[in-house]
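Enquirer: Next come the chains, spelled out residue by residue.
There are 2 protein chains.
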Amino acid sequence: MKKHIYIYSPSSAVRDKAAFKRGVMRLKTLGYDVEVDEAALSSHQRFAGNDETRLAAIARAAASGADVALISRGGYGLTRILPAINYKALAKAVSKGTRFVGLSDFTALQNALLAKTGAVSWAGPALGEDFGTESQPDDIMEACFDDLITGQGEGAGWKFPKSATKSVASGALSEKVEEQFSVKNSVLWGGNLAVLSSLVGTPYLPSVKGGILFLEDVHEHPYRLERMLTQLLHAGVLAQQKAVVLGQFSNYQLVPHDKGFKLASVVDWLQGRIKAPVLTGLPFGHVATKVVLPVGAKVTLAVDGRNAFLLWGHSH
Amino acid sequence: MKKHIYIYSPSSAVRDKAAFKRGVMRLKTLGYDVEVDEAALSSHQRFAGNDETRLAAIARAAASGADVALISRGGYGLTRILPAINYKALAKAVSKGTRFVGLSDFTALQNALLAKTGAVSWAGPALGEDFGTESQPDDIMEACFDDLITGQGEGAGWKFPKSATKSVASGALSEKVEEQFSVKNSVLWGGNLAVLSSLVGTPYLPSVKGGILFLEDVHEHPYRLERMLTQLLHAGVLAQQKAVVLGQFSNYQLVPHDKGFKLASVVDWLQGRIKAPVLTGLPFGHVATKVVLPVGAKVTLAVDGRNAFLLWGHSH
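Heads up: the protein sequence lines correspond to chains A and B, in order.
Going by our numbering, 216 is the number at position 216 of the first sequence; the sequence numbering is gapless.
Going by our numbering, 171 is the number at position 171 of the second sequence; the sequence numbering is gapless.
In case anyone wonders, no lab produced these hints; they're calculated from the structure.
Hints may be right or wrong, so weigh each one.
Said to hold, decoys possible - No farther apart than 30 Å at their CA atoms in a straight line, the calculated lysine-lysine pairs in the DSSO-like style are these: (1) A:2 with A:88; (2) B:298 with B:184; (3) A:275 with A:242; (4) A:116 with A:3; (5) B:2 with B:21; (6) B:275 with B:298; (7) B:116 with B:28; (8) A:88 with B:275; (9) A:116 with B:2; (10) B:209 with B:242; (11) A:184 with A:275; (12) A:262 with B:17; (13) A:116 with A:275; (14) B:275 with B:262; (15) A:259 with B:21; (16) B:184 with A:17; (17) A:209 with B:116; (18) B:298 with B:116; (19) B:262 with B:159; (20) B:298 with B:259; (21) B:262 with B:116; (22) A:116 with B:275; (23) A:21 with B:259; (24) A:17 with B:28; (25) A:298 with A:116; (26) A:275 with B:242; (27) A:259 with B:17; (28) A:275 with B:28; (29) A:298 with A:88.
Remember, predicted model here, so these are calculated numbers, not experimental data.
The task is simple: from the sequences and hints, build the whole structure.
Expert: Here you go:
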């Protein structure tokens with residue numbers, strides 16, 4: 001039987017309708033049965049429909065019985081409706097086998113769901129930007145997504161980028177990180193740094209102790225990333241993690257008066273402030289090549305030389 | 001005897017040295033005795049010296065015995081050094097009559113000082129951008145600053161802008177705000193919204209109940225402002241205030257796909273979520289015309305028709 005994907009829009013309005021259509025076609029071409037929510041192309045101001053419309057769409061996604069409920073896109077819109085989301089309904093859908101997949105603004109829902117119910121969701125692609133590209137979608141992204149929907153995914157691996165290992169020479173891979181080490185049976189959580197840091201101090205930030213926190217962002221200058229990390233640091237969140245894994249931080253603009261202050265400065269600074277290793281290079285974020293990651297699942301992080309692995313075994 | 005102003009740089013490096021010099025000259029012309037910290041023009045990456053340099057500058061400002069310790073500029077740099085600041089030394093300086101004045105990134109220090117010691121500091125101008133302008137500095141800003149340094153300031157008044165009262169027609173001035181009302185003896189606090197929201201969940205956010213929260217920001221799109229306000233809302237901060245007073249939100253860019261989502265949408269949304277009145281038009285922020293406001297002092301907010309007043313009596 002074909003795997004069933006439910007497409008819905010919990011955040012910003014879909015602007016690139018051609019990409020949306022290409023994404024749906026691509027998923028059909030890949031052999032999936034695609035169902036599109038009735039409000040997937042709704043719009044109200046910058047949102048994919050008003051708050052009630054988007055809440056209803058989330059409820060329909062939870063009731064769909066699909067193998068994967070996939071967001072059309074991120075943007076902005078979830079944080080303001082967090083108090084009104086029916087987390088029990090989402091957790092029930094998860095327990096029946098629906099995997100909620102998305103990223104960026106979706107980080108808010110994923111972490112709120114984890115905080116409220118402990119249910120696992122998946123950091124992964126969005127329809128338009130990942131499956132609706134004008135050129136062929138990314139191979140690795142599609143393979144990871146297929147592994148997820150068929151229940152065959154067991155983990156994700158990557159190599160530390162040379163530049164990153166150099167930039168954190170005093171940190172991640174020389175002093176703090178042994179050539180070989182592992183963190184076992186730890187809850188993986190996180191997502192978009194701007195969205196996650198906006199949950200600090202609220203009931204929607206999971207209280208994860210001994211976890212592995214992964215982070216990514218886009219369009220944020222390193223000084224802003226550092227301010228967000230500082231909030232997580234001063235709130236005591238970072239000290240409670242066994243590892244911090246940095247994904248891709250893309251599309252920001254350094255300026256002349258940064259005078260050497262850059263992303264690597266922030267990573268070095270961060271590594272100097274927490275005992276847990278700060279690893280870089282995770283292939284996840286606002287980039288084409290992205291893995292899927294279980295938000296809220298227990299995973300093992302293994303590092304062997306320049307190779308890193310996040311392993312969670314069969315997802316079911 | 002001339003009033004003594006101590007200029008120091010706790011945040012970003014001074015880039016516009018001509019404005020810095022003009023600012024010092026202007027303060028001297030106004031009849032003040034101006035002392036410039038030895039590291040006021042230091043730079044390290046984007047900062048006004050490394051963390052130790054800026055911490056030492058803050059300590060020297062506290063030890064200066066000046067009537068006003070005035071920041072050269074805001075920018076970024078205080079949040080990362082909050083754990084290392086000697087708040088007792090600052091509070092002692094305040095008790096001896098030194099008024100710490102600044103805005104923007106300085107919001108971090110001001111609120112941390114309030115959280116740690118209860119000491120009052122002042123939201124007000126910065127040297128370069130306010131006193132170092134190429135044209136004549138703003139009259140109202142200078143008058144408020146002089147009232148502060150001579151101890152004659154008793155409050156600040158403003159008229160609600162017509163546009164703002166229209167935009168919050170369902171909120172601030174029709175339903176929620178009576179023609180005449182007042183909030184007495186409440187702690188005024190706040191400052192830059194991005195900086196303040198980055199303190200939520202940390203030990204540096206004051207726990208103010210029954211307060212009056214004022215907010216301003218620059219270069220932040222309304223959707224980002226809303227996300228920050230949502231953090232304050234979901235953290236329970238807004239529900240504890242007796243009023244929220246919005247200053248100036250300047251220099252952001254709306255985009256076509258906002259489709260009607262704008263600052264007024266955010267104000268309306270906010271007013272719909274809290275019982276306390278949301279007032280607009282406070283002349284404070286990243287704009288030329290700014291009043292000075294005591295962060296941490298008990299004030300009275302009085303509204304009479306389209307006129308609003310924040311009153312604190314003599315500052316000493």
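Enquirer: Taking the hints in turn, state whether each one holds.
Expert: Quick rundown of the hints versus the structure:
1. A:2 with A:88: holds, 27 Å
2. B:298 with B:184: Holds - the C-alpha atoms of residue 184 of chain B and residue 298 of chain B are around 8 Å apart, at most 30 Å.
3. A:275 with A:242: Holds: residue 275 of chain A and residue 242 of chain A sit about 8 Å apart, inside 30 Å.
4. A:116 with A:3: holds, 28 Å
5. B:2 with B:21: holds, 20 Å
6. B:275 with B:298: holds, 21 Å
7. B:116 with B:28: It is violated: about 34 Å lies between the C-alpha atoms, which goes past 30 Å.
8. A:88 with B:275: Roughly 29 Å between the alpha carbons, so the hint for residue 88 of chain A and residue 275 of chain B holds.
9. A:116 with B:2: violated, 60 Å
10. B:209 with B:242: holds, 8 Å
11. A:184 with A:275: With a Cα-Cα distance of about 17 Å, the restraint between residue 184 of chain A and residue 275 of chain A holds, given a limit of 30 Å.
12. A:262 with B:17: holds, 24 Å
13. A:116 with A:275: Distance ~28 Å between residue 116 of chain A and residue 275 of chain A Cα, so the pair holds.
14. B:275 with B:262: holds, 22 Å
15. A:259 with B:21: holds, 22 Å
16. B:184 with A:17: violated, 53 Å
17. A:209 with B:116: OK: residue 209 of chain A and residue 116 of chain B at ~27 Å, within 30 Å.
18. B:298 with B:116: holds, 17 Å
19. B:262 with B:159: Holds: residue 262 of chain B and residue 159 of chain B sit about 22 Å apart, inside 30 Å.
20. B:298 with B:259: Not OK: residue 298 of chain B and residue 259 of chain B at ~41 Å, beyond 30 Å, violated.
21. B:262 with B:116: Given pair residue 262 of chain B, residue 116 of chain B is violated - Cα atoms ~36 Å apart, limit 30 Å.
22. A:116 with B:275: holds, 26 Å
23. A:21 with B:259: The given pair, whose Cα atoms are some 22 Å apart, holds under the 30 Å limit.
24. A:17 with B:28: Between residue 17 of chain A and residue 28 of chain B the Cα gap is close to 61 Å, so the pair fails against 30 Å, i.e. violated.
25. A:298 with A:116: Between residue 298 of chain A and residue 116 of chain A the Cα gap is close to 17 Å, so the pair holds against 30 Å.
26. A:275 with B:242: The given pair, whose Cα atoms are some 42 Å apart, is violated under the 30 Å limit.
27. A:259 with B:17: Roughly 17 Å between the alpha carbons, so the hint for residue 259 of chain A and residue 17 of chain B holds.
28. A:275 with B:28: Answer violated: residue 275 of chain A to residue 28 of chain B is near 49 Å, above 30 Å.
29. A:298 with A:88: The given pair, whose Cα atoms are some 21 Å apart, holds under the 30 Å limit.
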